[in-house]
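> From first to last, the protein sequence lines stand for chains A and B. Letter 174 of the first sequence, counting from 1, is numbered 174 in my numbering, and no numbers are missing. Position in the second sequence (from 1) plus 1000 gives the number in my numbering.
Note that these hints are calculated values from the structure, not bench results. Here a beta-carbon is modelled for each residue, glycine too, at the ideal position from N, C-alpha and C. Wrong hints could be hidden among the right ones.
Estimated spans, in silico, between C-beta atoms of each pair [what the hints assert, rightly or not]:
(1) B:1108 <-> A:36: 57 to 63 Å
(2) B:1108 <-> A:171: 55 to 61 Å
(3) A:209 <-> B:1029: 37 to 43 Å
(4) B:1095 <-> A:127: 26 to 32 Å
Just a sample of chain B residues kept apart from chain A, beta carbon distances all over 12 Å, derived [unchecked claim]:
(5) 1026
(6) 1104
(7) 1198
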Amino acid sequence: MTGDLVMQFLAQGVQMFMVLLIAPLAVGVVRRVKARLMRRQGAPLLQGYRDLAKLLRKESVIAENASWLFRSAPSLIFALTWVAAALVPSFASGLMFNWAADVVALVALLGAARALLALAGMDVGTSFGGIGSSREMMIATLAEPAMMLIVLTLAIAAGTTRLAGVADFFIAEPLAVRVSLALSLVALIIVALAENARIPVDNPVTHLELTMVHEAMILEYSGRHLALIEAASYLKLVLYLSLLICLFAPFGMAPASAGVGGWAIGLLAWTAKLLGGAALLGVWEVSIAKMRVFRLPDFLGIAFVFGFLAILLAFLARGALE
Amino acid sequence: MNQAYEISHLLAGVMLVTSFALLYQQRVAAVLNTFAAQSITLALAVAWAAWSQDRPDLFITALIALTLKGIVIPVALHRTVARLGIHREVEKVVGVGVALMVGLALTGLAQALLFKVTHGTASHAREELALALAIILMGFLMMIVRRNAVTQIVGFMSMENGLILAATGARGMPLVVEVSVAFSVLIALFVFAVFVFRIRERFDTIDIEALDRMRGDRR
């Protein structure tokens, strides 16, 4: 019994450090795929780790009029995002803290991190930070309702808002071709692109554009602060990728009762799916252009419409079943 | 049986999504391509119904949908657009966001309505009918929010797509009616096309706003 508990604890710990370890690699894969498709050599896959190590070694320059918020925000953002990323079931559904991995809690954690980032962006008082924060908030107000609708659709389908429960449900019924799920998949992908500042919404590779959102907010950060914020954004990418995997492609994930062997298979499957997802993201980013900021409400409106349709259809299917 | 039902539900759902895409698209060419995609999905849905319910006459319906509305009409409209030289952005009465929200409200309305009206009937037909009614209403909406005559034609045709879907779900429409509807739609296309050219000749634009001036009660 005690040994079992230790194993459970270890598995949860493995998941927690696994997301942190793999995050820079996932970003490296995205960048590498993009570079190769543009016929460039591209940075090595491990560049993300090197960037973080370099930033951690460097001195952190802080503006004179920065408040305590500016200094504490990076650690808080990193902590909130890490907790959120560690809660999403990756290789096994029956982990120790899976009762805490509620989708609503996840949205709340990410929302808190975003609010802190927006505040930190405005703290120093540069105009770029202000622009970035206001745009980030605009995107958030559009993306979050869509996210909640998606969550509710899944909750209706699986009968629970616990991620592990939803994953178990879809492992048990893999062939459920449901139109509402397809719609919420599209909606969740759009939300994920917006939340991660990916290409149709924001350009992650440059901080020299007037239309930048995420990069504008963190323009004032340097050194270890920047390292924490960058790590948090890598983690967020992993979080959304593994959320998509967990909800829509959970095959291979170890069920609650699996032992160490099941976990190992789950870990392999998850890593493969995660890196595959990162490669797909790279292909997607190369194939389309960034959108004008004023068209963003339309783009995120699609996510909202799809979320709403999904929930309507889910209700319809439910009503028909009764 | 359940699988058959899931797939027909999926196809009908895809058609509804293309209806929303029609409302969202900005360019005439993109609207026409989306319409072609919707018609092809309709053909697939009808063919699936024919295969899974063992009703071979529906294959003819599917074939008509595929050739006429999936290929002939979009190609004809593409040519019209090319001849008129109007591949720029579509002018709309309301913005995309508002149109999408109204579309959502209409979808909700269609479902609420059908659940009231068809209480106690088979659930499969009911869901399909709700989706079909939503597509029909979206076709109406498209005709209302678009000012360009070509996109109004597309709205009309997509409404007709919804009707065919409804007829497939309700196990009703006889083949004769089906064929005559298909041909009347084709004739409607010719009439529309002639009108579009005449409007253009007369007013130098196919923005139907120009027709308002003809009424004479402005000014």
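> Look at each hint and say if it fits the structure.
Hint-by-hint comparison with the structure:
{"no.": "1", "hint": "B:1108 <-> A:36: 57 to 63 Å", "in the structure": "46 Å, violated"}
{"no.": "2", "hint": "B:1108 <-> A:171: 55 to 61 Å", "in the structure": "32 Å, violated"}
{"no.": "3", "hint": "A:209 <-> B:1029: 37 to 43 Å", "in the structure": "29 Å, violated"}
{"no.": "4", "hint": "B:1095 <-> A:127: 26 to 32 Å", "in the structure": "29 Å, holds"}
{"no.": "5", "hint": "1026", "in the structure": "9 Å, violated"}
{"no.": "6", "hint": "1104", "in the structure": "5 Å, violated"}
{"no.": "7", "hint": "1198", "in the structure": "34 Å, holds"}
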